[in-house]
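Chemist: With these hints in hand, go ahead and build the complete structure from the sequences.
Each residue of the sequence shown is one higher than the one before, starting from 17 at the first, in the working numbering.
Just so you know, the hints here were simulated from the structure itself, not pulled from any lab data.
Be a bit skeptical, because a hint or two may be false.
What the hints assert, rightly or not - Using C-beta positions, here's what the derived DEER-type ranges look like:
hint, residue 1, residue 2, range
1, Asp81, Pro44, 26 to 34 Å
2, Lys66, Thr88, 13 to 21 Å
3, Leu77, Thr18, 15 to 23 Å
4, Ala91, Leu30, 15 to 23 Å
5, Glu35, Asp81, 27 to 35 Å
6, Asp47, Leu77, 29 to 37 Å
7, Gly80, Glu35, 16 to 24 Å
8, Thr33, Gly80, 26 to 34 Å
9, Asp20, Phe85, 12 to 20 Å
We put the CB at the ideal spot given by N, CA and C, even for glycine.
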Amino acid sequence: MTVDELRNDLTARLGQTVEQVFSRDGAPVNDITELYQPSPAGFGGQLRLKRGHRLAWELWLEDGDRWNFHATELADGPPEPDQGFN
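Modeler: Spelled out as structure tokens, the structure:
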């Protein structure tokens, strides 16, 4: 799975457009392996919705065959990328 495929999956799970996926510490992600955690087996990080909201999310494998998903809105996310305005 690529980061773009994961972004599309998260969009479907949330019912809102996910613009960007970040690591747990808020760094932009280039490869899905940056989101992997071995125990419990799954993925997690932060994301930014099209509406600007930031969420922390976890997607983990339970019972070896079922994926569970949880997301929580973050009060203070990492700063937005510089838009060139001073």
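Chemist: Next, verify each hint and record whether it holds.
Modeler: Do the hints match the structure? See the list:
Here the CB-CB span from Asp81 to Pro44 is close to 31 Å, well matched to the stated 26 to 34 Å. Range check, Lys66 to Thr88: about 18 Å between beta-carbon atoms, so the 13 to 21 Å window is met. In this structure, Leu77 and Thr18 meet the distance hint of 15 to 23 Å, their C-beta atoms being roughly 19 Å apart. At about 18 Å, the CB distance of Ala91 to Leu30 agrees with the hint of 15 to 23 Å.
Checked against the hint of 27 to 35 Å, the pair Glu35 and Asp81 passes, with Cβ atoms roughly 31 Å apart. Between Asp47 and Leu77 the C-beta distance comes to about 19 Å, which lies outside the given range of 29 to 37 Å. Hint check: Gly80 to Glu35, Cβ distance near 32 Å, so the stated range 16 to 24 Å is violated. At about 31 Å, the CB distance of Thr33 to Gly80 agrees with the hint of 26 to 34 Å.
Checked against the hint of 12 to 20 Å, the pair Asp20 and Phe85 passes, with Cβ atoms roughly 18 Å apart.
Hints 6, 7, counting from the list given before, are not met by this structure.
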